[in-house]
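Numbered as in our numbering, the sequence shown ends at 1016 without a single skipped number.
I should point out that these hints are in silico values taken from the structure, not numbers from a laboratory. A virtual CB, placed ideally from N, CA and C, is assigned to each residue, including glycine. Possibly wrong hints are sitting among the right ones.
Here are the simulated SDA-like pairs of lysine to any residue, each with C-alpha atoms no more than 25 Å apart in a straight line [said to hold, decoys possible]:
1) LYS859 x ASN930
2) LYS768 x LEU753
3) LYS651 x TYR665
4) LYS859 x ASP892
5) LYS649 x TYR662
6) LYS788 x VAL984
7) LYS788 x LYS953
With beta-carbon atoms standing in for the labels, derived distance ranges [unchecked claim]:
8) ALA979 x LEU762: 42 to 48 Å
9) LYS771 x HIS687: 44 to 50 Å
10) THR884 x PHE988: 16 to 22 Å
11) SER598 x LYS771: 24 to 30 Å
12) ASP891 x VAL807: 48 to 54 Å
13) PHE988 x LEU603: 56 to 62 Å
14) LEU602 x SER983: 41 to 47 Å
15) SER729 x LEU602: 30 to 36 Å
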Amino acid sequence: MSEAALITNESQEPFGRRESILILLNLAVLAALLVVHTAFLSLLGPPSRLLVIALATRFVMLFAELIWLQKQKPGLNPVAEQYYACYSIITNIAFAFMASYLGGAADSHYSVLMVLPVIAAATRFDLPGTLLVVSIAVTLTFLEVWLFFRSYPPLEISEFFEAATVSLIFIVVALVVRLLVGNLRQEELKLAKSLETLKKVQSKLVAEEKLAAIGRLSSAIAHEIRNPVAMISSSLTAGKQSEDAEVRDEMFNIAAQEATRLERLTTDFLSYARGKEPERKWTNPALTLGYVAGLLRDRATDAGITIIVDYPDDAPANVDDFQIQQALLNLMTNAIEATPRGGKVRLGGSLNRRRDLVLFVENEGQQIHQDVLSKIFEPFFSTRVKGTGLGLAIVRNIAQAHRGSVEIAFNQPGRVRFEIIIPEAGIKGGSDGTHPDR
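Produce the entire structure from the sequences given, and follow the hints as far as they go.
See the structure below:
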């Protein structure tokens, strides 16, 4: 059998899995034949000693092959697969002929074993290779009948007719299996080509989206920087030309404010663009929440807003404490600015049943409009005049860096709630860091 005749495209069906199925089929057929022989022992007579030895040897060989295949990780190379396929079919043909001959009858029921290498050839070889195996099976079927009557004359022509019928079954089985396997492989090739085309289209769309995102980001940066720069330029020009001291001071103050705004914009953009990998360590979220609340309490008091901290236990969490503080500060700043005087802002969190860390910021402000929700996490999108539009984008980056997410849990009049969810942050001995109990 030439290597060219062997179908070696096993990308869609692992070689070891297919061969294991064929071995199990062999074992099942052998077991069924033994059951039949035992059930009709009075008619067939006891099996010969040579047949028993051959059957026992074949069982051991098949089990050894099955164990050997299971140990081949990640698998055989293509050349080894070809050699094994040829070895397996030749062995099956030889054993089927031997069992039929030792069965002690011209029409031994063990001749059904010959259909197994025919099926195997139809799944492994191309059409010429399959027909070659079928030809060998047909020849050996007639040879087995001839050898039997040579030992036990006289010759019965009807047995050759039965052998011809069995041979016809071999041919039909081979052609049907080969047709089904061929159709299946054609469909798999079509699917593989479609998948390859889909991947190319996806890569193209991703590349185009990246370019579009870069364009939008560049445009947004230019727009955000142009405004304060223009204000600084016009204020300095007006202050320089004015002889009134109060006007000059006012213009210089405007320039200073816009410079501060420009610095804040640059700082926020760098925080957003860097996307630093979190340095996780076990920390107490209750202390983090208290620290953030303390930083903003004076600002909230000046605005007539009460901050309430709610963290029910002292269970530690495996997070980057600095990044979590930064994310909560952004959410809290937005919440304070969106809450009317006399309102409350709640800052809290907990560990859920899956030991995910869930941190939330909730305020009593107005409901976020639906047209804003779809853009709220986009960089440079802001509904405030002096906002940079990077606060929530930074929050999302931090959450995603922790393999988590940020979402709006509630959005209704008088109750707007943002939640940061960090998966498995409270699991002892998690994927990152070392638990303090260790």
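Now for the hints, and whether the structure bears them out:
1. LYS859 x ASN930: holds, 19 Å
2. LYS768 x LEU753: Within the cut-off at roughly 22 Å; holds.
3. LYS651 x TYR665: holds, 20 Å
4. LYS859 x ASP892: holds, 15 Å
5. LYS649 x TYR662: It holds: about 15 Å lies between the C-alpha atoms, which stays within 25 Å.
6. LYS788 x VAL984: holds, 22 Å
7. LYS788 x LYS953: OK: LYS788 and LYS953 at ~17 Å, within 25 Å.
8. ALA979 x LEU762: 42 to 48 Å: 45 Å Cβ-Cβ, so the 42 to 48 Å window holds.
9. LYS771 x HIS687: 44 to 50 Å: holds, 46 Å
10. THR884 x PHE988: 16 to 22 Å: holds, 19 Å
11. SER598 x LYS771: 24 to 30 Å: holds, 29 Å
12. ASP891 x VAL807: 48 to 54 Å: At 50 Å between Cβs, range holds.
13. PHE988 x LEU603: 56 to 62 Å: The hinted range 56 to 62 Å holds for PHE988 and LEU603, with Cβ atoms some 59 Å apart.
14. LEU602 x SER983: 41 to 47 Å: This hint holds: roughly 45 Å between Cβ atoms.
15. SER729 x LEU602: 30 to 36 Å: The hinted range 30 to 36 Å holds for SER729 and LEU602, with Cβ atoms some 35 Å apart.
The structure agrees with every numbered hint stated previously.
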